[in-house]
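In order, the protein sequences belong to chains A and B.
First residue of the first sequence? That's 4 in the numbering used here, and the numbers climb one at a time after it.
First residue of the second sequence? That's 4 in the numbering used here, and the numbers climb one at a time after it.
Be aware that a few hints might be false.
It does not matter which identical chain is meant; a pair holds if it fits inside one copy or across any two.
Below, a list of computed lysine-lysine pairs in the BS3-like style, where the Cα atoms sit at most 25 angstroms apart [claimed, not checked]: (1) Lys200 with Lys212; (2) Lys110 with Lys126; (3) Lys126 with Lys22; (4) Lys33 with Lys110.
The set of hints was computed from the structure by calculation and includes no laboratory data.
Protein chains: 2
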Amino acid sequence: MENLSKTELFSGISDEDIKEMLVCFQSFQKNYKEKETISIHNSFGDYIGLLLEGCISISRIRMDGSLDMLEYIEDSGIFGDVFTFGNQEDAILVLCEQDCRVLFIEKHHIIKRCPNACLHHSKLVENLMHLMAGKVMRLTEKVDILSHRSIRGKLLCYFRILSAQAGSPVFPLPFSLMALANFLCVDRSAMMRELKKMKEDGLLERNGKMMRLL
Amino acid sequence: MENLSKTELFSGISDEDIKEMLVCFQSFQKNYKEKETISIHNSFGDYIGLLLEGCISISRIRMDGSLDMLEYIEDSGIFGDVFTFGNQEDAILVLCEQDCRVLFIEKHHIIKRCPNACLHHSKLVENLMHLMAGKVMRLTEKVDILSHRSIRGKLLCYFRILSAQAGSPVFPLPFSLMALANFLCVDRSAMMRELKKMKEDGLLERNGKMMRLL
DNA sequence: AAAACCATGTTGCAAATGCAACAATCCGGA
DNA sequence: TCCGGATTGTTGCATTTGCAACATGGTTTT
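Using the sequences and the accompanying hints, generate a full structural model.
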């Protein structure tokens with residue numbers, strides 16, 4: 004319940020005003036432990052989730068049992084139906100990769116103007132838009148990665164992004180090699196094979212999860 | 004300059020107020036003909052484009068010359084750096100697929116609060132958020148399609164989306180087979196081969212651009 | 001009408017990928 | 001500490017895919 008004003012969603016709004024809004028929005032917080040499931044349906048009602056702490060993955064489970072990670076959310080990211088798309092028959096798994104703290108807010112309170120029209124509502128909307136712009140960027144990034152036809156292309160594309168983020172040719176993988184294969188939507192063993200080839204071709208070095216682009 | 008109030012971005016704002024805003028925003032309109040290039044850099048300044056008429060494609064041109072369609076925008080869609088991601092070295096081609104009319108607005112006038120703080124600004128921001136939510140959904144859809152490992156999986160996934168949109172198992176392809184291959188990020192000839200196989204397997208019928216899912 | 005262009009089809013072949021099965025290693029809980 | 005589960009690493013094999021090359025048909029331009 005403490006300083007939400009540090010999150011991107013509530014930045015620029017005083018703690019006092021935030022308190023008012025939270026009541027007005029009928030929001031609630033919930034804690035989750037690592038590997039706990041937040042939701043496994045393709046919807047969790049009309050709520051937007053704001054990740055206050057920890058990180059989560061959003062994956063689709065196909066009917067054949069295979070699993071593809073759609074998104075990996077850290078920091079004060081947002082998630083929810085509005086953002087995750089609900090058309091499909093498949094289940095959407097929202098899983099905690101670490102201990103997490105999530106704030107849920109009914110989405111229509113944010114997206115539509117609430118009747119009480121809190122003074123700071125428009126600032127909140129502005130902040131939400133920033134968050135969504137970030138989400139659009141990450142998704143575009145992902146489309147960019149997946150648009151490469153070969154495993155090597157996907158790996159290089161992703162590694163370059165990670166390297167740029169780290170500001171260095173040396174950077175750690177944010178998750179396990181298994182999760183990496185899911186993230187890139189490729190077969191894990193084929194990915195391992197390609198990683199080995201790339202090392203042989205002098206494209207990169209690897210020590211566990213530490214990578215170095217050459 | 005006519006009724007922008009019918010566009011999603013300006014919906015709910017009176018024509019008079021829109022006029023004021025357009026001046027305040029230093030926006031301008033531009034017409035393009037079919038196949039004309041709107042932009043081929045990975046940025047067109049600090050502007051957001053609002054597609055008033057026609058449809059455009061956003062594609063990445065890799066250094067090896069290959070082209071992948073990242074997005075296909077119709078209706079009153081928005082596009083621009085903020086939404087398209089600027090990290091990469093590759094060129095981003097924004098191409099008119101039909102005759103188009105585009106309204107450009109400096110993005111900071113929308114995203115940040117303008118000093119004059121037009122009264123209807125917050126309504127505009129709200130509208131923009133709806134548009135972005137739509138964009139997020141379309142991107143997630145695309146990630147969904149590309150996450151399938153096989154060409155058949157990608158085709159079926161996309162066709163199901165089109166079918167759901169049309170509300171019928173019969174629907175037209177929105178673009179050429181060549182463009183479809185680019186959109187799905189697969190080799191065109193391999194896709195043609197797979198389409199034939201799927202027809203043989205009794206999964207679909209096809210007559211030119213008209214498809215029927217079975 | 002001829003020429004040029006572009007989208008659609010088709011095929012052979014080499015290379016990449018997915019799949020399955022298994023060994024080795026790491027890691028956390030009993 | 002020891003056990004069991006999960007991750008990592010490896011390989012053979014069948015299939016899929018990309019690539020290149022070419023034929024066909026329609027449409028626009030000259």
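We went through each hint and held it up to the structure:
1. Lys200 with Lys212: This pair counts as within: shortest intra-copy Cα distance 17 angstroms, inter-copy 41 angstroms.
2. Lys110 with Lys126: Both, since 16 angstroms and 17 angstroms are each at most 25 angstroms.
3. Lys126 with Lys22: Intra 15 angstroms, inter 24 angstroms, cutoff 25 angstroms: intra and inter.
4. Lys33 with Lys110: within (17 angstroms within a copy, 36 angstroms between copies)
Checked against the numbered hints above, the structure violates none of them.
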